[in-house]
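Undergrad: Sequence:
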Amino acid sequence: MIILYGIKNCDTIKKARRYLETQGVEYQFHDYRVDGLDAELLNSFIAELGWEALLNTRGTTWRKLDEAHRASITDAQTAAKLMLEMPAIIKRPLLYAPGQPMLLGFNESNYQQFINEV
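Under my numbering, the first residue of the sequence shown is numbered 1, with each subsequent residue one higher.
Don't take every hint at face value.
[Said to hold, decoys possible] With beta-carbon atoms standing in for the labels, derived distance ranges:
no.	residue 1	residue 2	range
1	E108	G50	37 to 47 Å
2	K64	N116	31 to 41 Å
3	Q28	A68	34 to 44 Å
4	E117	E21	15 to 25 Å
5	A53	N116	17 to 27 Å
6	V118	K81	28 to 38 Å
7	R18	P98	36 to 46 Å
8	K8	A97	30 to 40 Å
9	N43	H69	19 to 29 Å
10	E21	A68	39 to 49 Å
11	R58	K8	11 to 21 Å
Hint data in this document are derived by calculation from the structure and do not stem from the laboratory. By construction, the Cβ of each residue, glycine as well, lies at the ideal position given by its N, Cα and C atoms.
Using the sequences and the hints, build the whole thing.
TA: Next comes the structure, spelled out in structure tokens:
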């Protein structure tokens, strides 16, 4: 089962969902805000992708943090704590299927390759 992780109102999530649906791909959508995010799941993402890749430092949520708070995010532990408190700061979408490397972000050709390998 393919799972798409993210936040429902994100424009990139909307593009990813539209793409999967037009390709006829069955998937489950996991909204961090509605369905939650626990430390175990987040730590599995960090273990595979790295906290630096997961932390969206380009988004509004990051930019709204004060400089001292941003400077305090220096490792996986501090990043995970922030991501659990503010799931909107996690880069998205994140596409998951058992036995496949996770795919972070949206790109049609990468999604097509991911789908073909599932």
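Undergrad: Are E117 and E21 spaced within 15 to 25 Å by their CB atoms?
TA: holds (19 Å)
Undergrad: Kindly confirm whether 30 to 40 Å is satisfied by the beta carbon distance between K8 and A97.
TA: For A97 against K8, whose Cβ atoms are near 21 Å apart, the range 30 to 40 Å is violated.
Undergrad: Indicate whether the distance between the beta carbons of V118 and K81 respects the range 28 to 38 Å.
TA: holds (32 Å)
Undergrad: Just to be sure I understand the hint, the distance between the Cβ atoms of R18 and P98 should be within 36 to 46 Å; is that true here?
TA: For R18 and P98 the Cβ distance comes to about 24 Å; the hint is violated.
Undergrad: Taking the Cβ atom of A53 and the Cβ atom of N116, is their distance within the range 17 to 27 Å?
TA: Given a distance of about 23 Å, which is inside 17 to 27 Å, the answer is holds.
Undergrad: Does the beta carbon distance between R58 and K8 stay inside 11 to 21 Å, or does it fall outside?
TA: Given about 20 Å between the Cβ atoms, the range holds.
Undergrad: Return holds or violated for the Cβ distance of E108 and G50 against the range 37 to 47 Å.
TA: violated (24 Å)
Undergrad: Is the distance from the Cβ of N43 to the Cβ of H69 consistent with 19 to 29 Å?
TA: Holds - the Cβ-Cβ distance for N43 and H69, about 21 Å, lies within 19 to 29 Å.
Undergrad: Note whether the CB distance of K64 and N116 lies within 31 to 41 Å or breaks it.
TA: For K64 and N116 the Cβ distance comes to about 39 Å; the hint holds.
Undergrad: Falls inside 39 to 49 Å, the C-beta gap from E21 to A68?
TA: At roughly 42 Å between Cβ atoms, A68 and E21 fall inside 39 to 49 Å, so the hint holds.
Undergrad: Lying within 34 to 44 Å: is that true of the beta-carbon distance Q28 to A68?
TA: holds (38 Å)
Checked against the numbered hints listed earlier, the structure breaks hints 1, 7, 8; every other hint is satisfied.
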